[in-house]
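Novice: Sequence:
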Amino acid sequence: MSLPSPATASRFYQRWLSADPGRPAQVDALSQLSLAELDLGAALRAQQDNGDAPPLPLGRGMRRLRNLLVATLLRRDLEGRADLAEVVATMTALADFAIQRHLAEIDAELRAAHGVPTGHESGEEQQLMVLAMGKQGGGELNVSSDIDLIFVYPEDGDTVATAPGQRSLSNHEYFLRLGKRLIAALAEITEDGFTFRVDMALRPNGGSGPLAASLGMVEQYLIVQGREWERYAWLKARAVTGHAADIEALDAIVRPFCFRRYLDFGVIDAIRSMHAQIRAEVNRQERLHPDRSHNVKLGRGGIREIEFLTQVFQLIRGGRDPSLRARSTRATLRLLPDKGLLDGAIVAQLLASYTFLRNLEHRLQYLEDAQTHTLPPNPADRLQVAQWMGLADEAALLAALDGHRRFVAEQFDAIFADKSGGTSEQHIDPDTSDACADPDNREAIEARFAALAYDDPAAAAQRLIATWQAPRLQSLPEASRQRLVALVNAALPLIARTAQESSLGSQLATLGRLLDFLEAIARRSAYLSLLTEYPHTLERVIRMMHASGWAATFLNQHPILLDELLDDRVRSTAFDPAAVAAELDAQLAIDPDDTERQLDILREVHHAQLFRLLAQDLAGDLTVERLADHLSALADVIVAAVVKAAWHTVAKRHREVPRFAVIAYGKLGGKELGYVSDLDVIFLFDDEDQDAPALYAKLAQRFITWMTSHTSAGILFDIDTALRPDGASGMLVSSVQAFERYQQASAWVWEHQALTRARFCAGDAAIGARFEQIRCQVLRQARPDDAALKREVLAMRRRMAEAYPSRGDLFDLKQDAGGMIDIEFIVQYLVLRHAAAYAELTGNVGNIALLKLCAGLGLIDAALAGAVADAYRALRKLQHQLRLQGQEQSRVDPARVALYIDPVKRLWEEIFSDVEE
Numbered sequence: 001m002s003l004p005s006p007a008t009a010s011r012f013y014q015r016w017l018s019a020d021p022g023r024p025a026q027v028d029a030l031s032q033l034s035l036a037e038l039d040l041g042a043a044l045r046a047q048q049d050n051g052d053a054p055p056l057p058l059g060r061g062m063r064r065l066r067n068l069l070v071a072t073l074l075r076r077d078l079e080g081r082a083d084l085a086e087v088v089a090t091m092t093a094l095a096d097f098a099i100q101r102h103l104a105e106i107d108a109e110l111r112a113a114h115g116v117p118t119g120h121e122s123g124e125e126q127q128l129m130v131l132a133m134g135k136q137g138g139g140e141l142n143v144s145s146d147i148d149l150i151f152v153y154p155e156d157g158d159t160v161a162t163a164p165g166q167r168s169l170s171n172h173e174y175f176l177r178l179g180k181r182l183i184a185a186l187a188e189i190t191e192d193g194f195t196f197r198v199d200m201a202l203r204p205n206g207g208s209g210p211l212a213a214s215l216g217m218v219e220q221y222l223i224v225q226g227r228e229w230e231r232y233a234w235l236k237a238r239a240v241t242g243h244a245a246d247i248e249a250l251d252a253i254v255r256p257f258c259f260r261r262y263l264d265f266g267v268i269d270a271i272r273s274m275h276a277q278i279r280a281e282v283n284r285q286e287r288l289h290p291d292r293s294h295n296v297k298l299g300r301g302g303i304r305e306i307e308f309l310t311q312v313f314q315l316i317r318g319g320r321d322p323s324l325r326a327r328s329t330r331a332t333l334r335l336l337p338d339k340g341l342l343d344g345a346i347v348a349q350l351l352a353s354y355t356f357l358r359n360l361e362h363r364l365q366y367l368e369d370a371q372t373h374t375l376p377p378n379p380a381d382r383l384q385v386a387q388w389m390g391l392a393d394e395a396a397l398l399a400a401l402d403g404h405r406r407f408v409a410e411q412f413d414a415i416f417a418d419k420s421g422g423t424s425e426q427h428i429d430p431d432t433s434d435a436c437a438d439p440d441n442r443e444a445i446e447a448r449f450a451a452l453a454y455d456d457p458a459a460a461a462q463r464l465i466a467t468w469q470a471p472r473l474q475s476l477p478e479a480s481r482q483r484l485v486a487l488v489n490a491a492l493p494l495i496a497r498t499a500q501e502s503s504l505g506s507q508l509a510t511l512g513r514l515l516d517f518l519e520a521i522a523r524r525s526a527y528l529s530l531l532t533e534y535p536h537t538l539e540r541v542i543r544m545m546h547a548s549g550w551a552a553t554f555l556n557q558h559p560i561l562l563d564e565l566l567d568d569r570v571r572s573t574a575f576d577p578a579a580v581a582a583e584l585d586a587q588l589a590i591d592p593d594d595t596e597r598q599l600d601i602l603r604e605v606h607h608a609q610l611f612r613l614l615a616q617d618l619a620g621d622l623t624v625e626r627l628a629d630h631l632s633a634l635a636d637v638i639v640a641a642v643v644k645a646a647w648h649t650v651a652k653r654h655r656e657v658p659r660f661a662v663i664a665y666g667k668l669g670g671k672e673l674g675y676v677s678d679l680d681v682i683f684l685f686d687d688e689d690q691d692a693p694a695l696y697a698k699l700a701q702r703f704i705t706w707m708t709s710h711t712s713a714g715i716l717f718d719i720d721t722a723l724r725p726d727g728a729s730g731m732l733v734s735s736v737q738a739f740e741r742y743q744q745a746s747a748w749v750w751e752h753q754a755l756t757r758a759r760f761c762a763g764d765a766a767i768g769a770r771f772e773q774i775r776c777q778v779l780r781q782a783r784p785d786d787a788a789l790k791r792e793v794l795a796m797r798r799r800m801a802e803a804y805p806s807r808g809d810l811f812d813l814k815q816d817a818g819g820m821i822d823i824e825f826i827v828q829y830l831v832l833r834h835a836a837a838y839a840e841l842t843g844n845v846g847n848i849a850l851l852k853l854c855a856g857l858g859l860i861d862a863a864l865a866g867a868v869a870d871a872y873r874a875l876r877k878l879q880h881q882l883r884l885q886g887q888e889q890s891r892v893d894p895a896r897v898a899l900y901i902d903p904v905k906r907l908w909e910e911i912f913s914d915v916e917e
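Going by the numbering used here, the sequence shown runs without a break in its numbering and finishes at 917.
Warning: the hint list may mix true and false statements.
Here are the computed lysine-lysine pairs in the DSS-like style, where the Cα-Cα straight-line distance is at most 27 Å [said to hold, decoys possible]:
id: 1; residue 1: K698; residue 2: K644
id: 2; residue 1: K877; residue 2: K667
id: 3; residue 1: K698; residue 2: K667
id: 4; residue 1: K852; residue 2: K877
id: 5; residue 1: K877; residue 2: K814
id: 6; residue 1: K852; residue 2: K667
id: 7; residue 1: K814; residue 2: K790
Here are the computed distance ranges between Cβ atoms for each label pair [what the hints assert, rightly or not]:
id: 8; residue 1: A187; residue 2: Q220; range: 26 to 32 Å
id: 9; residue 1: A697; residue 2: A801; range: 34 to 40 Å
id: 10; residue 1: R227; residue 2: A161; range: 39 to 45 Å
id: 11; residue 1: Q701; residue 2: E124; range: 57 to 63 Å
id: 12; residue 1: S729; residue 2: Q220; range: 55 to 61 Å
id: 13; residue 1: D809; residue 2: K644; range: 48 to 54 Å
id: 14; residue 1: A738; residue 2: D861; range: 40 to 46 Å
id: 15; residue 1: A839; residue 2: E909; range: 24 to 30 Å
id: 16; residue 1: Q220; residue 2: D83; range: 41 to 47 Å
id: 17; residue 1: A187; residue 2: A345; range: 40 to 46 Å
id: 18; residue 1: R653; residue 2: Q469; range: 51 to 57 Å
Calculated directly from the structure, the hints in this document are not laboratory data.
Where is the CB? At the ideal position from N, CA and C, for every residue including glycine.
Construct the entire structure; sequences and hints are all you get.
Specialist: Here it is, written out as structure tokens:
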């Protein structure tokens with residue numbers, strides 16, 4: 001004898017089954033199927049079937065179908081045959097289906113009486129858009145939930161008669177009537193019950209607003225009156241009915257309201273405030289009704305906290321990352337680990353807690369088919385719910401519930417806990433003292449700096465007063481001003497401590513850099529919110545600015561990069577050019593026709609990666625050589641992406657993949673790129689099509705424009721094409737054949753010098769391979785007249801010296817005699833002179849490796865070669881340090897580098913002293 005189904009413990013299930021002897025068989029049959037795949041149309045017709053009599057009205061059939069599905073879901077769920085996904089998908093599909101069927105029937109009746117609603121401006125037929133909000137919008141509807149709806153119609157106008165006797169209505173009146181009748185059709189309680197309770201409170205202006213609103217009204221409302229909590233609500237909005245074009249127009253209005261183009265950290269405080277109001281009301285209800293405790297939806301650590309926790313990432317980042325605009329809580333949660341926003345183990349536990357809480361919520365509702373979210377007061381009912389959850393008793397249920405709620409609350413607090421209060425430097429108090437923000441109170445400000453042991457309190461006070469008197473700070477909103485004051489007060493001791501811990505930099509310089517930055521972002525509340533909500537980010541900013549004036553300038557230009565400092569992995573994540581290329585391709589593919597957005601994406605990705613490398617560089621995790629390798633590889637990725645994207649903007653392109661290559665020279669070619677290096681490139685093509693030269697010239701021009709254009713996100717690189725055949729007077733692009741002829745017959749020696757550090761960068765790999773063959777052939781040409789070769793090299797070096805004459809008593813690390821240019825010229829000469837005999841010298845392996853190779857071949861003294869290689873490494877490192885401090889010209893006291901200059905000069909003399917210039 002089989003045991004009774006656990007569903008029989010549901011009073012709703014028992015009442016409904018016992019009301020009609022045919023129902024148990026219906027449930028038995030239907031419970032064998034997954035309801036997520038059910039044909040609702042066929043199921044509705046079965047419920048409307050009335051034998052030989054006319055079918056039952058739609059309203060009766062829909063209510064019967066609803067009760068049948070709830071009873072069957074209840075049974076499948078409690079018997080372990082349906083999971084949470086099936087339950088919520090079935091209820092969502094039923095709600096969508098009911099709305100669509102009832103709306104179609106009522107709309108047809110109204111059109112028969114009043115004609116077709118028609119737009120005044122468009123002259124087109126109008127159809128009501130019913131927006132599913134909340135859990136229905138997200139595809140996660142409860143079994144006994146009401147549904148939150150908003151009614152929107154495209155435009156105002158009037159109905160147009162299609163038959164005699166029809167009475168015209170304004171579109172507004174028409175859709176009001178349609179909406180009222182739809183609500184009644186779904187929610188009125190009849191002998192068969194109801195289909196869904198309907199809540200319209202989320203519509204513009206809530207209960208005081210019209211039941212139906214035009215697109216224009218919705219747009220005006222969201223722009224002028226839309227509140228922060230409404231962004232959270234509209235994020236879930238999903239049109240269940242309406243014309244596709246009208247739905248698209250509505251999405252275009254709602255999307256920028258919910259998702260800001262910048263990273264919107266101000267939403268954290270808004271959700272925190274909304275959550276506090278909800279909690280206050282729940283606490284009040286629990287005080288008034290102690291039997292209604294343990295609210296699994298709105299209580300501490302409940303379902304709503306998981307939803308808030310998930311959606312804060314959407315509201316902060318959804319404007320920049322379309323993949324974060326999913327309406328489903330579970331779907332969004334699953335995305336967060338891959339985006340580095342939340343740890344994978346935490347997400348797995350949050351999903352487990354969400355499933356537990358939703359399953360418990362459903363079991364609370366299964367008792368009576370009631371819209372409840374609290375544990376029942378009756379001990380017997382609590383025991384039943386515990387057993388439905390697979391637990392032994394109420395104590396086990398409460399223990400499991402407490403464990404999940406405690407975990408959810410901890411994760412919620414990690415993001416939303418108010419950072420105010422406390423004295424720790426890791427807290428930023430918005431109610432902080434204004435004493436240091438009063439420019440007329442110089443004594444108090446100086447005293448504050450003196451108490452913090454600043455070297456020059458008077459100068460520091462003067463710099464801070466200058467900030468408070470800056471024009472852009474005079475009309476700040478009060479909330480932004482308070483945040484700014486709090487940030488400055490939190491920053492002052494951090495600057496003092498950072499200076500004490502570091503031998504580089506100064507307190508005053510760091511203070512000035514930070515205040516410049518805060519002035520720049522003061523009117524952008526999202527950035528102030530970010531620094532307030534994540535105090536560790538402020539400390540990281542100060543450390544970077546103390547270490548590098550250039551970093552401070554870069555962050556000033558691109559404050560969006562603050563986001564990179566949120567991630568603790570910014571230092572530990574190894575640079576992966578393949579992963580960056582894949583990320584870039586994915587982002588560019590989202591909207592391939594929006595050139596402006598593509599330009600910004602390229603810049604944002606490049607700046608973010610460059611900033612991560614900067615963070616690792618300042619932390620001492622990268623050598624200069626390793627950093628240059630990464631920066632060069634990053635530039636290669638950007639160049640490849642720009643070629644691909646720019647080609648798709650060439651209207652008359654004759655092939656999908658261009659037979660076109662970018663060849664890198666100079667710093668990029670030698671993989672010695674710095675943070676602000678320009679790119680020396682030439683363009684080659686290999687294509688017999690008659691239009692190829694013109695098309696590839698256009699591509700090269702577009703490439704330069706995409707790279708050099710200043711957008712709101714900044715610039716990518718300056719581009720120098722002077723090394724192309726015939727220089728500025730030559731064609732912008734060359735065929736491979738023309739390039740080979742030029743190099744073999746017309747190129748100057750200095751152009752062959754440049755070839756020693758040239759390489760294929762991006763584009764057609766076959767062209768790249770052919771270029772490398774040509775390059776090696778040219779470099780391996782026999783050059784029997786050594787004196788002539790030396791004179792050419794010396795003449796070029798003299799022209800460079802004349803272009804960059806030595807100034808003052810300081811030594812230019814790059815240009816002066818004994819500096820890096822001399823080392824590069826020595827290596828280039830050695831390659832051109834000896835590559836005919838030693839093919840290995842054509843390898844693009846860098847100056848240090850080539851010096852070592854030449855020493856090993858006996859071409860230069862080994863000890864001297866080692867000293868020059870060490871000098872090159874040391875001079876590059878020193879140049880890099882100076883540029884990080886913001887010095888554009890790399891000039892130092894000659895005594896500081898005398899140890900390195902001497903071996904360079906000696907090797908120069910050893911090689912070139914036998915030739916008169």
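Novice: If a hint holds in the structure, say so; if it doesn't, say that too.
Specialist: Consistency of the hints with the structure:
1. K698 with K644: Holds, at roughly 13 Å.
2. K877 with K667: Measuring from Cα to Cα gives roughly 15 Å; hence the hint holds.
3. K698 with K667: 26 Å, holds
4. K852 with K877: 19 Å, holds
5. K877 with K814: Roughly 12 Å separates the two Cα atoms, so the pair holds.
6. K852 with K667: 20 Å, holds
7. K814 with K790: Satisfied, since the Cα-Cα distance of roughly 21 Å is no more than 27 Å.
8. A187 with Q220: 26 to 32 Å: 29 Å, holds
9. A697 with A801: 34 to 40 Å: For A801 against A697, whose Cβ atoms are near 35 Å apart, the range 34 to 40 Å holds.
10. R227 with A161: 39 to 45 Å: 41 Å, holds
11. Q701 with E124: 57 to 63 Å: Violated: the Cβ-Cβ distance is about 43 Å, outside 57 to 63 Å.
12. S729 with Q220: 55 to 61 Å: 59 Å, holds
13. D809 with K644: 48 to 54 Å: 50 Å, holds
14. A738 with D861: 40 to 46 Å: 42 Å, holds
15. A839 with E909: 24 to 30 Å: Given range 24 to 30 Å: holds, Cβ gap about 28 Å.
16. Q220 with D83: 41 to 47 Å: Roughly 43 Å apart at Cβ, these two residues keep to the hinted range, so it holds.
17. A187 with A345: 40 to 46 Å: At 43 Å between Cβs, range holds.
18. R653 with Q469: 51 to 57 Å: Holds, since R653 and Q469 (Cβ atoms, about 56 Å apart) stay within the stated range.
The structure fails to meet hint 11 from the earlier list, while all remaining hints are met.
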